[in-house]
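Engineer: Use the sequences and the hints to build the structure in full.
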Amino acid sequence: MGDFNGNEPNGINLGGSSLMSGNGTAVNGANKGLGQVIVITSGKGGVGKTTTTASIGAALALKGKRVLVADADIGLRNLDVILGLENRIVFNVVDVAKGVCKPNQAIIKSKKSNNLYLLPASQTDDKDVVSEEDIKNVIEQYRREFHFILVDSPAGIEQGFRNACAAASRAIVVTTPEVPAIRDADRVVGLLSARSIEPELVINRLDRDMIRRGEMLSIEDVQDIIGIPLLGVIERDENVIIAANTGDPVVYNQKSKAGQGFMNVASRLCGEQIPLEDFSDRSIFGRIGRRLGLAA
Amino acid sequence: MLDSGSGDNKDIGLESGNTVPLNSNSFEENLSNPSLASDPSANMRDGSGGIVVARGTGDGLILRLDGRVERPILMRTLLEYVESRKSFFSGQEVTLEWVEARPEEGVVAELSDSLASRFQLLVKASRMFERGSKAVSTAKKPTSGISGSIETDDFTGSPAASNRLRPTPVSPKLSERVPNAQISNPSVFGTGSTSLFDGVTALSSSSQNYPSGAQVNSVQERRLASEALLWDEADTRIIRDTLRGGQKIESEHSVVIMGDVNSGAEIVAGGDIFVLGRLRGVAHAGAYDESGGGRRIFALQMQPTQLRIGSIISQGSDEGGRMPEVAKIEGNMIVVEPYGAGSQVKRLR
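Which chain is which? The protein sequence lines are A and B, in order. Numbering follows our numbering, with no gaps: position 87 of the first sequence is 87. Numbering follows our numbering, with no gaps: position 292 of the second sequence is 292.
Hints listed in this document are in silico derivations from the structure and should not be mistaken for laboratory results. This one's a predicted model, so the numbers in the text were calculated from it and none came from an experiment. Just so it is clear, CB atoms sit at the ideal spot from N, CA and C, and this is done for glycine as well. You may find that some hints are simply not true.
What the hints assert, rightly or not - Just the calculated beta-carbon pair ranges, DEER-fashion:
#1 A:194 - B:70: 28 to 38 angstroms
#2 B:91 - A:198: 45 to 55 angstroms
#3 A:267 - B:240: 51 to 61 angstroms
#4 A:229 - B:258: 15 to 25 angstroms
#5 A:158 - B:258: 29 to 39 angstroms
#6 A:210 - B:258: 55 to 65 angstroms
#7 B:315 - A:276: 33 to 43 angstroms
Structural biologist: Spelled out as structure tokens, the structure:
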């Protein structure tokens, strides 16, 4: 079995210095010593929230940040599967909320990184079993120990979504370049703005060839409709499916385009200036074609 | 039914402190009578000496008349007033509303006859103006066959783009809520079918030109005989933000959006709708009047999901929406025309 966090009377043993000892860079915009809470949401289901949460989390951990990824999809948990940690779950976020266990007993260290931890959701309860206040209190207990807390929101805009947003100061809205997803994302942006959270956008599953042929909405098309700052674009990549099934986050795969995209997102979250990937057609034929009015 | 705060009259009150010359008010006004437009002194105090005041409400057109005026002067004034705007009034219905005193016997009948025969203007009701009385919602019920063109139960419209449906039944509730709406936090975007209405009220109440509800009645009384604004747009709601999917604005008045209206967002207005941006959602103008009340929908980029004016619905089409356009009712359909400066403007008649 991997590393369990056993009962540590002095709080969480993270196998390294905690935030309070000043290790690592200062967290952007947060109080000194308190991590940023970012909710990852979308409205529409299946666009890649969980993958994005796990991947950004793993990427940030690779960069030396202490990251907690929390699964707020109570009843339909998935984050544990993506990280390959489903066999190690003893306690979950509901247990912490109800006081059944201590906060440090519920988090699970990831397989490949000492910096990445998971707070799993419950699979047997449903979303109404905890309130916004409950989740907020739970998350607050971890802020001293992590640079980033990424909360994986369930699909939808009901209680589960509200719970996931409870402690968040930032948000990432994930969408694919498809009209239904964009409409839902637009709705969610409105709801987040009402909570005084200004979200940033990640566009997932872009296909260069389809965009080139004019069969898929481009980055500009999506931005035209949603109009929030763009955090990153992730190219469609079969490796993501393989990663989900093997429980091995895609950022650990050097050859994965999606993995690189997520690494760039993580870098931007850390304040680095990474230029946006270019999905326009750079080939000679494309340019000639456009001049002749042929290409899309 | 006297209710100190409610009713259309109070809400669309004459609370604006300034005399607004006719020119700046309704462009239709100007266009239908060029002589009025060119003569700045020919505002509503014109000749009618304040005897006639016209109001556009969610209830339809109202002509408010001073009942103390002697019959011959009243007749002449009113007929002149309508004559100078006859292209606007022709074929319309009005309610006569009397202030200060009851009209003499037979005056109403005589007026109705003259208006009907000379201008095809139908007087559908006559009543005393009561401050704060709830507007009797006769116009909202599709009944009575007064105007033969309204078919009430015809849901078997042609499958063509224009269909007839009843306006949303929200209107009677709306006139109850309007004057007593809580001035709540203007950023009331919440979950569910978000209504910005309370926030919208707050925006206008805080505007310096328009006194809060508490003052309106006294201001209104004083102004009754002097101001006359055909389309009283003093209560136009202005929203300086983009509407996102799931957000909805409802107002008895006109609405201006300084931003986009995204797909999935909705505007329901008793007046006109102006989208200073891209209209991709649903816009319903003249929402509390079966006929649409001559209301229009304007957008810089008209790419709507649906347009509704009065009880007529039209689907958006896939093309167009590259330049400013305005939608209005023509006959039985909603037509969309380019809207531009200069020579285009005359087409808005």
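Engineer: All hints are to be evaluated individually against the structure, with a verdict given for each.
Structural biologist: Consistency of the hints with the structure:
For residue 194 of chain A paired with residue 70 of chain B, a C-beta distance near 59 angstroms fails the hint of 28 to 38 angstroms. The hint said 45 to 55 angstroms for the Cβ distance between residue 91 of chain B and residue 198 of chain A, and at roughly 51 angstroms that hint holds. Between residue 267 of chain A and residue 240 of chain B the beta carbon distance is about 35 angstroms. The supplied range of 51 to 61 angstroms is therefore violated. For the pair residue 229 of chain A and residue 258 of chain B, the supplied restraint of 15 to 25 angstroms holds, since their beta-carbon distance comes to about 21 angstroms.
A beta carbon spacing of about 31 angstroms between residue 158 of chain A and residue 258 of chain B agrees with the range 29 to 39 angstroms that was offered as a hint. Range check, residue 210 of chain A to residue 258 of chain B: Cβ separation about 35 angstroms, and the 55 to 65 angstroms hint is violated. Roughly 37 angstroms separates the CB atoms of residue 315 of chain B and residue 276 of chain A, a value that falls within the hinted 33 to 43 angstroms.
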